[in-house]
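One-letter residues, chain by chain:
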Amino acid sequence: MTVVHVPAPLHSYTKHCAEVQADGSTLALLLDDLDRRYPGLRFRVVDEHGRIRPTILFYVNGQVTRTLDQVVAAADEVHIIAALSGG
Amino acid sequence: MKNKPVTIYVGTRKGAFIYRGDATRKKWTLNGPHFLGQVINHLVPDPRDPKVVLVAAKPGHLGPSLFRSLDGGKTWKEATKPPAFPQGHPDSVKQVFCLQPGLRERKGEWWAGTAPHGIFTSTDNGDTWESLKGFNEHPMRPKWRGEPENSPPDDPNTHSIVLDPRDPKHLYAGFSIGGVFESRDGGADWKPLNKGVAVTFSPEPDPEYGHDPHCVKIHPANPDRLYQQNHCGIYRIDRPSETWERIGRNMPKEIGDIGFPIVPHPSDPDTAWVFPMDGTEVWPRTSPGGRPAAYVTRNAGKTWKRQDKGLPKSQAWLTVKRQAFTCDTADPVGLYFGTTSGELWASRNEGEKWECIAAHLPHICSMETR
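These protein sequence lines are chains A and B, in that order. Counting from 1, one number per residue, gives the positions in the first sequence under this note's numbering. Counting from 1, one number per residue, gives the positions in the second sequence under this note's numbering.
What the hints contain is simulated information worked out from the structure, not anything from laboratory work. Be aware that one or more of the hints could be misleading.
Said to hold, decoys possible - List time: in silico DSBU-like cross-link candidates among lysine-lysine, alpha-carbon distance up to 35 Å:
#, chain 1, residue 1, chain 2, residue 2
1, B, K195, A, K15
2, B, K94, B, K195
3, A, K15, B, K51
4, B, K74, A, K15
5, B, K77, B, K14
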């Protein structure tokens, strides 16, 4: 299973866990599995057309990726990063 | 007749606040904040069921969502299928901006307006939402929507979904940078309804659409009458007329007729309130001259009376947004407005006297009562 680091704004979905695990050979499939485990999470980071929301970044093993087709292995580490803002 | 207790539902940029009052409307008890830190565009109690409350929310940089309570606001659950455009649609929902309960006899039905422009419906008290194909996929929608690069910074809002209480197939919708549109077939098709409305920001003097209504309300006691606060003035239309009349021309010249909300009296079709904003030059969108006041008409817009008793007399640069002014149904009618500086003002006597009932709240986006 792939380790997924979840930012604080999504902790209400992950029962307040900052680190969770999910299955999937691509980022898209990984998100589908995350959404099964934590309903509602996917739509917060990906829009209805499967596009990563402009204020969300995905990193796989420390490398930013802009596509959900990105291949993911069980040993990989995924970070979901939400944009920061002031005020 | 004895008044019922009133509850005020306040949506802010940093959460939702519920003020429960007694029947005298003199004592208010705060319940909240709920959803602290989330942008709450609209928090709406169901007039058909005291246990149901819906919330249009946007938590920081995450996608938009919608929450609902089935126990009067004690607990909340996220919608299992929030409003979203269908596959292949060019837009994605950025915000759910307004919520509208369905007609009295259609329990469980709700309507939602989004940014960018979109209309969605639910028949299960807001748990699952369907895209209204008749509008969201209307062949003219790309033109009605306008060019994205000419849109307001926060995206053009679908801010008014107006239901005719006599006919479930008859509805209106108001879109910022779009105009007012009417449907007579339950939303399957739409036609612009903007004749008579000024457009000062377009090279075309009298376009069919592209207007900028800020708030559109149907009169509950006379559904043939609608009031509109527009970017370019205050208007009334009496159907079946197709032409809006600019009743804001009768406002004092030094105040003008720019603003965001408009509030019809719950039972007197000739009475409505506005809260003017400074719309000169770069549009400060604050109380003209720093002297806030509501204005009321008691004759459908022929004349207007200033109502500022209890409000600050000077140096008060209040901004009241389009969903942040509302009324109750008590006798006399209570009025409530919230400011972007986090003050909640109330009047127990139809605007004759105002008092601040809460302060230090976040930027207030919306107010509703039950």
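Going down the list of hints, with the structure as the test:
no., hint, result
1, K195/B with K15/A, "53 Å, violated"
2, K94/B with K195/B, "30 Å, holds"
3, K15/A with K51/B, "26 Å, holds"
4, K74/B with K15/A, "20 Å, holds"
5, K77/B with K14/B, "18 Å, holds"
When each numbered hint is compared with the structure, a violation occurs for hint 1 only.
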